[in-house]
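*Asks:* Residue numbers (the numbering used here), protein chains in the order written: chain X, 2 to 314; chain E, 2 to 314; chain H, 2 to 314.
Read the hints as simulated data drawn from the structure, not as lab findings. Being a predicted model, the structure only gives us computed values, none of them experimental. Among the hints, a few may not be true.
Pairs count within a copy or across copies, as identical chains cannot be separated in the list.
[What the hints assert, rightly or not] Calculated pairs, DSBU-like style, for lysine-lysine (alpha carbon to alpha carbon, straight line, at most 35 Å):
#1 K29 / K260
#2 K225 / K29
#3 K260 / K132
#4 K308 / K32
#5 K32 / K132
#6 K260 / K165
#7 K29 / K226
#8 K32 / K169
#9 K119 / K32
#10 K95 / K25
#11 K260 / K38
#12 K251 / K133
#13 K226 / K25
#14 K133 / K25
#15 K260 / K32
#16 K29 / K132
#17 K29 / K213
#18 K225 / K95
#19 K260 / K133
#20 K29 / K119
#21 K247 / K38
#22 K36 / K169
#23 K132 / K9
#24 K225 / K36
#25 K251 / K308
#26 K38 / K167
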Amino acid sequence: MLHYLSLKDIDSLPNWVQEARSLKPNPKLYKDLGKDKTLGLLFFNNSLRTRLSTQKAAMNLGMDVIVMNFGSEGWALEYGDGTIMDQGSSEHVKEAALVISQYCDIIGIRAFASLTNKEEDESEIVLESFKKYATVPILNMESSVGHPLQALADAITLAENNTKSKPKIVLSWAPHPRALPHAVANSFVEMMQRQEADFVITHPKGYELSEKITGGCTIEYDQKKALEDADFVYVKNWSSYRDYGKVTNKDTNWTIDLKKLGQAKFMHCLPVRRNVIVADEVLDSAQSLVIEQANNRTYAAQIVLKKILESLS
Amino acid sequence: MLHYLSLKDIDSLPNWVQEARSLKPNPKLYKDLGKDKTLGLLFFNNSLRTRLSTQKAAMNLGMDVIVMNFGSEGWALEYGDGTIMDQGSSEHVKEAALVISQYCDIIGIRAFASLTNKEEDESEIVLESFKKYATVPILNMESSVGHPLQALADAITLAENNTKSKPKIVLSWAPHPRALPHAVANSFVEMMQRQEADFVITHPKGYELSEKITGGCTIEYDQKKALEDADFVYVKNWSSYRDYGKVTNKDTNWTIDLKKLGQAKFMHCLPVRRNVIVADEVLDSAQSLVIEQANNRTYAAQIVLKKILESLS
Amino acid sequence: MLHYLSLKDIDSLPNWVQEARSLKPNPKLYKDLGKDKTLGLLFFNNSLRTRLSTQKAAMNLGMDVIVMNFGSEGWALEYGDGTIMDQGSSEHVKEAALVISQYCDIIGIRAFASLTNKEEDESEIVLESFKKYATVPILNMESSVGHPLQALADAITLAENNTKSKPKIVLSWAPHPRALPHAVANSFVEMMQRQEADFVITHPKGYELSEKITGGCTIEYDQKKALEDADFVYVKNWSSYRDYGKVTNKDTNWTIDLKKLGQAKFMHCLPVRRNVIVADEVLDSAQSLVIEQANNRTYAAQIVLKKILESLS
Numbered sequence: 002m003l004h005y006l007s008l009k010d011i012d013s014l015p016n017w018v019q020e021a022r023s024l025k026p027n028p029k030l031y032k033d034l035g036k037d038k039t040l041g042l043l044f045f046n047n048s049l050r051t052r053l054s055t056q057k058a059a060m061n062l063g064m065d066v067i068v069m070n071f072g073s074e075g076w077a078l079e080y081g082d083g084t085i086m087d088q089g090s091s092e093h094v095k096e097a098a099l100v101i102s103q104y105c106d107i108i109g110i111r112a113f114a115s116l117t118n119k120e121e122d123e124s125e126i127v128l129e130s131f132k133k134y135a136t137v138p139i140l141n142m143e144s145s146v147g148h149p150l151q152a153l154a155d156a157i158t159l160a161e162n163n164t165k166s167k168p169k170i171v172l173s174w175a176p177h178p179r180a181l182p183h184a185v186a187n188s189f190v191e192m193m194q195r196q197e198a199d200f201v202i203t204h205p206k207g208y209e210l211s212e213k214i215t216g217g218c219t220i221e222y223d224q225k226k227a228l229e230d231a232d233f234v235y236v237k238n239w240s241s242y243r244d245y246g247k248v249t250n251k252d253t254n255w256t257i258d259l260k261k262l263g264q265a266k267f268m269h270c271l272p273v274r275r276n277v278i279v280a281d282e283v284l285d286s287a288q289s290l291v292i293e294q295a296n297n298r299t300y301a302a303q304i305v306l307k308k309i310l311e312s313l314s
Numbered sequence: 002m003l004h005y006l007s008l009k010d011i012d013s014l015p016n017w018v019q020e021a022r023s024l025k026p027n028p029k030l031y032k033d034l035g036k037d038k039t040l041g042l043l044f045f046n047n048s049l050r051t052r053l054s055t056q057k058a059a060m061n062l063g064m065d066v067i068v069m070n071f072g073s074e075g076w077a078l079e080y081g082d083g084t085i086m087d088q089g090s091s092e093h094v095k096e097a098a099l100v101i102s103q104y105c106d107i108i109g110i111r112a113f114a115s116l117t118n119k120e121e122d123e124s125e126i127v128l129e130s131f132k133k134y135a136t137v138p139i140l141n142m143e144s145s146v147g148h149p150l151q152a153l154a155d156a157i158t159l160a161e162n163n164t165k166s167k168p169k170i171v172l173s174w175a176p177h178p179r180a181l182p183h184a185v186a187n188s189f190v191e192m193m194q195r196q197e198a199d200f201v202i203t204h205p206k207g208y209e210l211s212e213k214i215t216g217g218c219t220i221e222y223d224q225k226k227a228l229e230d231a232d233f234v235y236v237k238n239w240s241s242y243r244d245y246g247k248v249t250n251k252d253t254n255w256t257i258d259l260k261k262l263g264q265a266k267f268m269h270c271l272p273v274r275r276n277v278i279v280a281d282e283v284l285d286s287a288q289s290l291v292i293e294q295a296n297n298r299t300y301a302a303q304i305v306l307k308k309i310l311e312s313l314s
Numbered sequence: 002m003l004h005y006l007s008l009k010d011i012d013s014l015p016n017w018v019q020e021a022r023s024l025k026p027n028p029k030l031y032k033d034l035g036k037d038k039t040l041g042l043l044f045f046n047n048s049l050r051t052r053l054s055t056q057k058a059a060m061n062l063g064m065d066v067i068v069m070n071f072g073s074e075g076w077a078l079e080y081g082d083g084t085i086m087d088q089g090s091s092e093h094v095k096e097a098a099l100v101i102s103q104y105c106d107i108i109g110i111r112a113f114a115s116l117t118n119k120e121e122d123e124s125e126i127v128l129e130s131f132k133k134y135a136t137v138p139i140l141n142m143e144s145s146v147g148h149p150l151q152a153l154a155d156a157i158t159l160a161e162n163n164t165k166s167k168p169k170i171v172l173s174w175a176p177h178p179r180a181l182p183h184a185v186a187n188s189f190v191e192m193m194q195r196q197e198a199d200f201v202i203t204h205p206k207g208y209e210l211s212e213k214i215t216g217g218c219t220i221e222y223d224q225k226k227a228l229e230d231a232d233f234v235y236v237k238n239w240s241s242y243r244d245y246g247k248v249t250n251k252d253t254n255w256t257i258d259l260k261k262l263g264q265a266k267f268m269h270c271l272p273v274r275r276n277v278i279v280a281d282e283v284l285d286s287a288q289s290l291v292i293e294q295a296n297n298r299t300y301a302a303q304i305v306l307k308k309i310l311e312s313l314s
């Protein structure tokens, strides 16, 4: 039984990317594979691309889909062991996960980092609790620490646009008015560590990501130097990891424009704040791959669901 | 590629009405037409009839349906050109529309008037932005200015109940405690301008609808005179258009009762506030067509979706 | 046309339980029965098990399902007769029920007790109004007074686990921080009155359920005595019925632990507050049937929907 919690669950990234790309000419080819199987999508947080593309992927595979906004439609969950549940939580994840496993053949979960409790976030408490107590495969639709469906879509997009044997790929921090999680950046870094590339991370001092994830990566604090001769620039804001969840820098000098981008292709997971993260001129240019990335979310979700379904039979 | 943004998108109202009526004996007849096609319904506002009837119509055509409450489940959208997005909006409609076009074959949108910014409302900023940036057909599920699915259902209902070559049809304003949009009234007027009828609009002074829409219509401020010998009375509240979005009149003398109605049939789009808009005795009488109107919402949506699907193949 | 509003709508509980159990080996066997039929699920309150298991049951029967959160997605409903609707409610249940009947072949409704207006709650105002005005069957997904899908799932679970001709079954109150409705307890009692069993209800003084429901049942205020030699212990909190909707007792001596449980099987409808209603050691033991009960929710819903569908043809 295959879970998809992080990129570590992919046995061969190149193979999965290749298989995902091969779905595109005929997305309904495996419509019998998911017949009479139910995918339950549990949203603890908002979602546009993940919500729609995962439903689309499941329908392409012939699955029935049940969507639930856990916060507003269900019960507040408890995760602690031995808790006396006389406060806000009405149901323990032990029961919820076991119960939902009886109604769904695969459970997708979106649960962002709190950005207030580093230890709890790093323990992936929601995702890991569901994995521990559910009896069916779990699909990570963005968790505290990672967004592996996005990273897989990014890998597909890179494969479709790359022409070099060792392209230069830069992950650049950019400013944002609110505190954002590290999940997308983390999973992109993990994906890059499985790719042949000249990979550089750039961000202001104090914005270092977890060393457990970036270990071995080149970090260049001078954005201009980092961007030199880049083939792909992946831009993303994240809040401080050291000063956990804080916004300590809103320096608009980090915003990406065409001059900074040079000849590189521009990537971002969306939603993106125009003229804060990146200038209009970039998003509206042919160098932007953001719409292709979003399209590849369907095929990333579909290849993952296909692998999971195959692991069940 | 056919959009359905307003009644202007109907090439022949009588033909569409006729075709919609012909769907009724066998609503599933065209179930293969929508096979493997996805309808995405984006709700920026609450909905009962539109939500259910549009889903039902799509399922009758064999489509897959994805429903999303954009406000609570997605990201706040930005519509301005060149905006520095460092405030509340997380995503620009340029990205949202392009991205959703990749997951859905048709996009339905419900986005009410703000009733605070007349210019923005009249520009149909949400609907027109999606039309501009999406690459798939857009379906208007009630916008700032119009509700053409309702008007088409009303045309079907009139056709089913009318026995005269030139019936007298009255659109009458009625009081309401809260400020309501002009969309339903506007689309009804537009529809009437495509029908053979003796059409009269009646409302208190100061409640004139946009002249761009009512141009050429008879306006009679004396409700009693307007209702004389009417065959159909369509009742609806709207807030002031001149004093934009304000409730300047709650005169219960405008409430419709059986005496005022005479022999006419009563129409309303629902939801209707009983004994404010109209007396119980009218709604509970055989002269009320409101339930038929709501039923015809399914066939209005179905003929529109059928026409759009045919325009795609 | 069969409604499922309470256990009274079951002609033979043993037969329904038997038929529900027979669905388990092949849940998709009757997938043609619901073909081209639409189930509309209207949620006025939160739900996890009911939401997912009823959708699952409907999909097992081949039905299309439309889910709507009435509170947040639709309009506030009015139930009074002759009301001048100039306050918060936008739509009368008379219109809503008739309209939805035109889009859905069966309407499921979840509407909890207010716990503030005993008379209104006891009149089952939401459920009975829909039954009165709708033209299609109504399915109770937990109402003010009852939760008959839960009770039917409980009957299935008892049948699967009972080995005696007349088991001792105890319904025990347990403490809870917030005021809860009486629906689950009521329906369990009603179900027990249709079963061969030595049935005892235990709760603190002042927590008597409605005599209209418990009439003829043994009530034992000493929990220890009540639990002696029990085969099944069904635990549930409810707020005071006499002092309507009030929490007048939070005595943790009523919490169930393994010592109190003895050799009995433990039952609860979920969600359950661990270490408030019941100790971890019970839920985590093999004596707990709560996960089986939740699983049987699918088959309870499926047999009810199957009976209703058969009543339509």
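*Asks:* Honestly, which of those hints from before does the structure not fit?
*Replies:* Hints 1, 2, 7, 8, 9, 11, 13, 15, 17, 20, 21, 22, 24, 25 and 26 not satisfied by this model.
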